[in-house]
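Undergrad: Sequence:
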Amino acid sequence: MVEFEDIRKPGRDFGFLILFLIIIGVLWYAQGGSSRFPSSPFLDNNSVIVPNVSNDVDDDVDNDNGGTDNGALVPATSPEADRVSLKIGKAKEIDPRKEYVEIKIERNNDKPVDITGWRLESSVSRAGFEIPYAVLRPGDTAIVSTGESPISVSFHVNVCSGYFTQHKEFYPSLSKKCLWPKDEEWPASLSFECLDYIDTLPRCTANITHPFSLQDNDCIMAINSRLSYNGCVEAHKNDENFFEDEWRIYLGRSSELWRQSHETIVLKDLDGRVVDSLSY
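Each residue of the sequence shown is one higher than the last, beginning at 418 in this note's numbering.
These aren't lab readings, by the way, just hints derived from the structure by calculation. Just so it is clear, CB atoms sit at the ideal spot from N, CA and C, and this is done for glycine as well. Some hints here could point you the wrong way.
To be verified - Simulated restraints on C-beta separations:
1) T626 to S694: 18 to 28 Å
2) Q583 to I637: 16 to 26 Å
3) I637 to N525: 21 to 31 Å
4) H679 to P628: 32 to 42 Å
5) W597 to F572: 17 to 27 Å
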């Protein structure tokens, strides 16, 4: 039988292998080579997006707002950090009506602090909200409640705010600092009988039901006009001590915002810089 010579040549096979590797290398270089892959397993700062924890909107991280610590972004400290502090209040409450934290402006400050648009955020749950309008004077405290306002708005507490408590419940309780009716200024034309009656009336109480025996229409009209929230404001709005050192701010949520334990709450200014934080 005739034997055929094996036509495969080792040198020829090696040449095909070299040609194949050259072709692969050219294609790899043409598609970007090593630039397609990160030089480090860590993303650079420009590629990091931090979720905005309010309203489900994302904000790009401002690289000027902080440095890095072992590759992680460290939020910058607000220039207001020494003037403003965050207190736990009743953050552990389950009921959103009773859940609140406090923002306090140090009394030794030389000017008010506008906290409008500042943010309260949870570093754990990513929950958070913007603070509505509030300008706090030195020594003021803002009670930031999670739930709805009993009167549908946030407000700066004043000497007339006690009228709100007649039919509404506040957490924490709202002080009653309205003047006693007997200490108000009344028209000189009112009768002694009317003034004696006024001396018996409670403070911070409107729409009083008068006794049938009181037939003095001028007396009744004067009482109904003065003893109400609007009447109190009209009479005392220009008083030096009209406003108290407390704000009531409401976030309008129907469920709790802060965890009962293992929570970190952060207060940030308009530029996203950390003013203060607390953990429990």
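Undergrad: Now tell me if each hint is right for this structure.
TA: Hints versus structure:
For T626 and S694, the hinted distance range of 18 to 28 Å is not satisfied, since their beta carbons lie about 51 Å from each other. One distance hint, 16 to 26 Å for the beta-carbon pair Q583 and I637, holds here, with the actual separation near 19 Å. In this structure, I637 and N525 break the distance hint of 21 to 31 Å, their C-beta atoms being roughly 49 Å apart. A beta carbon spacing of about 58 Å between H679 and P628 contradicts the range 32 to 42 Å that was offered as a hint.
For the pair W597 and F572, the beta carbons lie near 23 Å from each other, so the given range of 17 to 27 Å is met.
In terms of the numbered hints stated before, the structure departs from hints 1, 3 and 4, listed from lowest to highest.
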